[in-house]
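Please model the entire structure based on the sequences and the hints provided.
Residue numbers (the numbering used here), protein chains in the order written: chain H, 2 to 403; chain S, 2 to 403.
Calculated from the structure, these hints are not laboratory results. Mixed in with the good hints there might be a few duds.
One copy or two, either will do: identical chains are not told apart, so a pair holds if it fits within one copy or between any two.
As the list claims (entries may be wrong) - Listed next, the in silico DSBU-like pairs over lysine-lysine satisfying Cα-Cα at most 30 Å (straight line):
no. : residue 1 : residue 2
1   : Lys48     : Lys305
2   : Lys48     : Lys64
3   : Lys232    : Lys14
4   : Lys289    : Lys83
5   : Lys289    : Lys25
6   : Lys29     : Lys371
7   : Lys302    : Lys55
8   : Lys55     : Lys299
9   : Lys298    : Lys55
10  : Lys64     : Lys355
11  : Lys222    : Lys317
12  : Lys168    : Lys14
13  : Lys302    : Lys223
14  : Lys29     : Lys55
15  : Lys316    : Lys299
Model, not experiment: these values are computed from the prediction.
Given next are the chains, with one letter for each unit.
Protein chains: 2
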Amino acid sequence: MEWNLKLSDTAQKMRASEIRELLKVTEKPGMISFGGGFPDTTLFPKKRIAEITKDILLNQGDKSLQYSATEGITELRETLAKMAEEEGIENVSIENIIVTTSSQQGLQLTAQIFLNPGDTIITEAPTYVGAIQAFNAFGANFWTIPLDENGIRVAILEEKLKEAKEKGINIKFIYLIPNFHNPAGVTLTLARRQEILQLSHRYEVPIVEDDPYGELRFRGKKTPSLLQLDKIGNVIRLRTFSKICFPSLRLGWITADTEIIRRYVLVKQAADLCTSALTQSIATEFIKRGYLREYLKKIRKSYKEKMKTMLNALKKYFPKDTQWTKPQGGMFLWIKVPEFINTSELLKEAVEEKVAYVPGSAFYPYQEDKCHFRLNFSYPTIEQINLGIQRLGRLLERKIQK
Amino acid sequence: MEWNLKLSDTAQKMRASEIRELLKVTEKPGMISFGGGFPDTTLFPKKRIAEITKDILLNQGDKSLQYSATEGITELRETLAKMAEEEGIENVSIENIIVTTSSQQGLQLTAQIFLNPGDTIITEAPTYVGAIQAFNAFGANFWTIPLDENGIRVAILEEKLKEAKEKGINIKFIYLIPNFHNPAGVTLTLARRQEILQLSHRYEVPIVEDDPYGELRFRGKKTPSLLQLDKIGNVIRLRTFSKICFPSLRLGWITADTEIIRRYVLVKQAADLCTSALTQSIATEFIKRGYLREYLKKIRKSYKEKMKTMLNALKKYFPKDTQWTKPQGGMFLWIKVPEFINTSELLKEAVEEKVAYVPGSAFYPYQEDKCHFRLNFSYPTIEQINLGIQRLGRLLERKIQK
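As C-alpha cells, this is what we get:
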C-alpha cells in the first residue's frame with residue numbers, strides 16, 4: 002500500500018518529536034535523564050493505591066469496571082468542584098467540569114473544538130511541547146509572545162491582539178501556562194493576570210489556562226488562577242492528576258463555562274467514549290481519604306530539596322557564561338548558554354557523556370531557539386542531579402573554552 | 002463569550018447522539034435497557050482484578066504508575082503478538098501493534114490519520130454508531146454499501162470502487178465489522194472476505210477491520226480474519242478489551258503494517274501521550290494467568306443463554322409483521338418492523354413503557370433508516386429480557402393493529 006497517497010494533510014506533516022526520541026535514549030544503563038517531566042517514581046503511594054483499588058473493586062466493582070458517562074463520574078466531578086470552591090473559585094458546579102483522559106487529551110480536544118487548519122492562536126514562546134504537538138495536529142498557525150520574569154509580556158500581547166483585529170484575523174484562543182511555566186519556570190504576576198483578562202474581554206478571545214504544576218509551589222504566595230479572577234467566563238482551565246498523583250491514572254480535568262464544556266463532551270465522546278471509571282474512582286478516593294493532601298506535602302518537600310540541589314550544582318559546575326531560572330515551584334529549570342552553542346547539536350555529545358536534557362527548540366512552534374535547554378529535577382535522585390550537572394558542566398566548559 | 006464565533010467547522014456540526022441521550026434515560030428506576038453495548042456487570046471478575054492489581058502495585062508499582070511508551074508497554078504488545086500467532090496470523094511482531102485508549106480511540110486516530118474534510122470512505126449500512134461519530138468528527142463523506150445475510154454486498158462494493166476510480170475519487174479506506182456485525186448481526190463469509198481483499202489490492206484501498214466481538218462466538222466455525230487472510234499488508238485491524246475483559250480498562254489495540262503503525266504512534270502522542278501503564282499491566286496479567294480464557298468461556302455461555310432467551314421471547318411476544326436476526330455470536334439483535342412505524346418516534350413511547358432500545362437511524366451516517374432497531378442482550382438479566390420483550394411486543398402490537 003502506498004500509504005502516503007492515503008494520509009491526511011496533518012498526518013503527512015507530523016514528525017517524531019525530539020523529546021520522544023530522547024526518552025528512548027534515556028532508558029540506556031548509566032544514563033542520567035533530566036529529560037521528561039516525570040514525577041519521582043520512588044515516592045508513588047503504592048500501598049495506598051493498592052488499598053483503595055481493593056476497596057473499590059470489592060465494594061463498587063460493578064460500576065467501576067463498566068462504561069461510564071463521557072463527562073466523567075459524578076463523584077469525581079463533585080470532588081473537583083469542591084476543590085475549586087476551597088481554592089476560592091466561585092460558582093463551579095459539576096456542569097462546569099469534564100474529566101479528560103490526561104490533560105494531553107484536554108489539549109487535543111481544545112484544538113479539535115476551536116481549530117480549522119490555518120487558524121491563528123497565541124501562545125507563549127517558549128511553551129509546552131505537548132501543546133505544540135496537539136495544536137499542530139489540527140493545523141494551528143502560531144503567533145508567539147516572549148516571556149520575561151513576570152510571565153508573558155502583556156504589552157506585546159496587546160499589540161498582537163490589536164493587529165489581529167485590524168487585519169480581521171479571528172484569534173481562536175490564547176494558551177498560557179501561568180504557574181512555574183514549562184519550560185521557562187516563570188510565574189505570571191497578579192497584575193498581568195488581570196490585564197490579560199481585560200484584553201481577553203476587550204478583544205473577545207478565550208484564554209486556555211494550562212495549570213499542571215500549581216500545587217507544586219515551594220516558596221512565595223499563591224497567585225489566584227485566571228479562572229478564579231475571570232468574571233465573564235472566558236477562561237478554560239486544564240489540570241491534571243499526573244503531577245499531583247501519578248501519571249498512569251491518565252486523568253485530567255477541564256473547568257469552564259457550561260456551554261463550552263458541553264462541546265468538549267461531544268468531541269470527547271467521538272475521541273474515546275469515556276475515561277476509565279476505575280482510575281476515576283481511585284482518584285476520588287485518593288482525595289476523599291485525605292491522601293492527596295499528605296502526598297502533596299511529601300512531593301513538595303522532595304522536589305524543593307532536589308531543586309535546591311540542582312541550583313547548587315549549577316552554581317558549582319556550570320561555566321560563567323550560562324544562566325538559569327530560580328522558579329518558585331514546578332519541575333523544571335531553564336538554562337541559557339552562549340549563542341554560539343546549538344543545544345540540539347550539543348545533546349548528542351551530552352548523551353555520549355550519559356546525561357540527557359530537552360533542547361530549547363522543542364518548546365518553540367517554529368523551533369527558532371537554539372541556546373536554551375530544559376532540566377527536570379523531580380525524577381532523578383539527589384546523587385544523579387549532582388553527577389549529571391557535573392557531566393553537563395564539564396561538557397559546556399569544553400565548548401565555551403574552545 | 003460568543004463561543005460560536007470561535008468553534009471549528011467540525012465542532013459546529015457535532016450534535017449529541019441519540020444513543021447518548023438514550024443512555025441517560027436508562028438510568029431511571031424500573032427501566033429495562035436493551036440500549037448500550039454493555040457487558041454483563043454481574044460477571045465481572047472483580048476478585049481476580051483485585052488480586053492482579055495488588056500484585057502489580059506491590060511488585061512493579063514504580064513502572065505501572067509512571068508514564069509509559071506511546072505505542073503501549075512491551076509486555077502487553079508481546080502478549081498480543083503471541084495471541085495473534087495462536088490465532089494463525091503470520092508475521093505479527095510488536096512493531097505491528099499499538100495499544101490504544103479504547104478502540105473508540107482507534108477509530109478516532111484512524112479518522113485523523115486518513116481524513117481531510119470531505120474525503121470519501123466506504124462503510125457498511127448500517128454500521129457502528131461510534132465509527133460514524135469518529136469519522137464525522139473529521140469531516141468524512143460516507144459511501145454506504147448494504148448488507149445481506151453474508152455480510153457486505155461485494156458486487157455493489159466493486160461497482161462503487163470502479164465508480165470512484167473513474168471519477169478520480171481517492172477512497173481513503175473501507176470500514177468493515179466482519180464478525181457478528183453491530184448492529185446487523187451478520188458475519189462476513191470466507192469467500193467474500195477473499196473477494197474484498199482482492200478488491201482492496203486491485204483498487205489500492207486499505208481495509209479497516211473492526212473486530213470487537215470475534216471472541217463472542219456461540220455457534221458455528223470461526224472464519225479467519227481479514228488480517229489473517231491479507232498477504233499484502235492492506236488490513237488495519239482494531240480490537241478491544243471492553244467486550245472480552247471489562248470496559249473501564251479503556252484498552253484497545255491496532256494490528257497493521259509497521260509503516261502505518263508508526264503514523265498511529267505519532268498521532269496518538271498528540272492525542273493522549275500514552276495509555277495507562279496500570280490498566281495495560283492488568284490486562285497483560287489477566288491474559289498471562291489464563292484468566293481471559295476462563296472468563297471468555299463464562300461470558301460466551303451466559304450471552305448464548307441470554308440470546309436464546311431473547312429469541313424465544315421475540316417469537317412469543319412480537320407481532321407477525323416483525324423480523325429479526327439470529328446471529329452466531331456478539332451482543333445484539335437487529336429488528337425490522339413494518340415501514341409505517343418510525344422507530345425513532347416509537348422510542349419515546351417505549352421509554353414510557355419502561356423499555357429502551359437504539360433506533361436504526363443511529364447506525365446510518367445519513368440516518369436514512371426508520372424501520373429497524375437494535376436490541377442488546379448481554380447486559381440485561383434473563384428476567385429483564387423476558388419482561389422487556391413482552392413490553393415492546395405489546396407496544397408493537399398496538400401500533401400494527403391501529
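Check each numbered hint from earlier against the structure, then list the numbers of those it violates in ascending order.
No numbers; nothing is violated.
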